[in-house]
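Since each chain comes alone in its own frame, lean on the hints to assemble the complex.
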Amino acid sequence: MKHYAVVHGPNLNLLGKREVGIYGGRTMESINADVEAEAKRLGVSVEFYQSNGEGELVTFIQQCRGRADGILLNAGAYTHYSVALRDGIGAAAVPTVEVHISNIYKREAFRHVSMIAPVCLGQICGFGAYSYILGLRALIEERLDPWLA
Amino acid sequence: MTEQTRVKKKSFLVISGPGMNLLGTRKTSIYGKGSLEDIHRGLQARAEELGVEVECRQFNSEGAIIDSLQSAPGRFDGVIINAGALAHYSYALRSAIGSMLLPCVEVFISNVHAREEFRHTSVIAPVCVGVIAGFGKKSYLLALDALANLGGA
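Sequence order for the protein chains is A and B. Remember, our numbering sits 308 above the position in the first sequence when you count from 1. Remember, our numbering sits 129 above the position in the second sequence when you count from 1.
This is chain B alone, in the form it adopts within the complex (with noise of 0.2 Å):
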């Protein structure tokens, strides 16, 4: 086996959840101007200075996301999640996260524990790795730096 083969990237895959096809164009004050597509590119600059790969999806459906995350091992090295509303509620997405066995940290752009009430429970977080929130998009960059540096420091 070649050095090149054993060392192969890691690999990340981030998740937008419901509503976020729609970054930039609604509650901007909140969500901040840039879009979806943006935060992609983001990540993918970011990507390129710490040597791993991203691949970035977006689902508005609950059921694409789970079928996402399920099929995830074996083919990534861990997962970013931006559940949106969906991190308040969804035990379905809590069990398929917890059950995938692969590192998974959790992001939101704006800062929960500032809003509403229901906004202040996240049923995913516990089966995270961790949780970053309120940074904007910034959110997403910090989450594949977490990421990429996991066992490290």
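With the rest of the complex left out, here is chain A (with noise of 0.2 Å):
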């Protein structure tokens, strides 16, 4: 069974209680619980893992290579300035699917730029946790996908 890593970067522990109007109602635990009805019905493992600290996420992203087939990231404000976690995901050499739950391009011009996305398969924003729902259906369905060959 392929198994997907999803990592939630610095303050996502907190969605659904702080800026809801940009981020929306859902906590994560609910976001995280429908991620794994998805991946269920799609016939694979997830497992999950959020942290606010930056070199806990290069660790954790280091220590997927070879254990996870893919990688869901919400790497929130590091997504614009982490060097060191794009580095991370060009290290792990895992397939990285780059998701966002607002649309980063109607915001501020700082979220505007991703340091992550040019070592990302894709990105995808804007959709609310319905993101993350589509970001697990790229990773997964990348493979089997056969216009791609």
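Simulated from the structure, these hints should not be mistaken for laboratory data. Where a beta carbon is used, it is the ideal one built from N, C-alpha and C, also for glycine. Be aware that one or more of the hints could be misleading.
Straight line, CA to CA, 30 Å or less: simulated DSS-like cross-link-like pairs of lysine-lysine [unchecked claim]:
id, chain 1, residue 1, chain 2, residue 2
1, A, LYS414, A, LYS325
2, A, LYS348, A, LYS310
3, A, LYS348, B, LYS139
4, A, LYS348, B, LYS138
5, B, LYS162, A, LYS310
6, A, LYS348, A, LYS325
7, B, LYS139, A, LYS414
Short derived list, chain B residues pointing at chain A, Cβ under 7 Å [what the hints assert, rightly or not]:
id, residue
8, VAL252
9, PRO255
10, VAL260
11, GLY263
Structure, rendered in structure tokens:
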């Protein structure tokens, strides 16, 4: 069974409790439950990790090498400036999909740049909690897509 | 009014911009081997699974895309757009999307952020619900999932 890691970065532990106008009322736990249900439907296993620490995230992503078939990553604010995270993704060499709950392009200019996007398979943003579901589908079905030959 | 007329299927317009008519024949290392017709077939199949309708169009002309967007309200419930190179500089397209007041999802086949710097900026992204980039032709299918789910989870 394919195995995927779902990684939440800084402040995402407070989802549903802060800035609900931007991030919605869903908690991280309820989003994880949705992802878990979708994983079950697709016949894969998932694990979840959240850290506010950049270093902890880098270490976790490094350790995904050889252990996970893909990473679904919402790096939060680190997206926009963490070269360390970018290098961590590159070093892990595990297919990674970048997700965001909000449409980062509707927000402040500093959020329009993603340091990690160039080392990810692709980016999904703006669909609320559903961004994670789309991201999981993107990761899983990526290998099954006959068009990508 | 019968139940059937009230629950009219949602209908989405899919627009592919300049050059997309040549998919499968040019730069296949970036865009893959499948054709635009393959994408359209995939979208029709996914639409059937989701219980929605899609209409797929392709234009090389910026003006034709704007005409199409202007006529979308009232006929469609949302739009998927792969504006191709226009995404990076067409303010006219941005205005057209912004003024149609329908949810619009921006898609790219390639990971634009891994390519030339001029492709890192999309002038239409801020007026779209969200962006899906980098998953090959599957980006379109994910966008359809996203539109069909709007107002859901």
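Task: Interface hint for B:GLY263, Cβ within 7 Å of any Cβ on chain A - done: At 2 Å from the nearest chain A Cβ, B:GLY263 passes the 7 Å test, so the hint holds.
Task: Agreement of A:LYS348 and B:LYS138 with the hint, judged by alpha carbon distance not exceeding 30 Å - done: 28 Å, holds
TODO: Mind checking the alpha carbons of B:LYS139 and A:LYS414 for me, to see if they're no more than 30 Å apart?
DONE: 26 Å, holds
- [ ] With chain A as the partner, please determine if B:VAL252 meets the hint condition of a C-beta pair closer than 7 Å.
- [x] 9 Å, violated
Open item on the list: With the threshold set at 30 Å, check whether the alpha-carbon distance from A:LYS414 to A:LYS325 stays at or below it.
Closed with: 21 Å, holds
- [ ] Grab the minimum C-beta distance from B:PRO255 to chain A and call the hint holds if it beats 7 Å, violated otherwise.
- [x] 5 Å, holds
- [ ] Quickly compare the C-alpha distance for B:LYS162 and A:LYS310 to 30 Å and report which way the hint goes.
- [x] The given pair, whose Cα atoms are some 26 Å apart, holds under the 30 Å limit.
Task: Status of the hint placing B:VAL260 at chain A (closest C-beta pair under 7 Å) - done: 5 Å, holds
- [ ] Starting from A:LYS348, check that the Cα of A:LYS310 is at most 30 Å away, please.
- [x] 11 Å, holds
Open item on the list: Would the hint linking A:LYS348 and B:LYS139 be met if the CA-CA limit is 30 Å?
Closed with: 28 Å, holds
Open item on the list: Check the hint pairing A:LYS348 with A:LYS325 against an upper bound of 30 Å on the C-alpha distance.
Closed with: 28 Å, holds
When the structure is compared with the earlier hints, a violation turns up for hint 8 alone.
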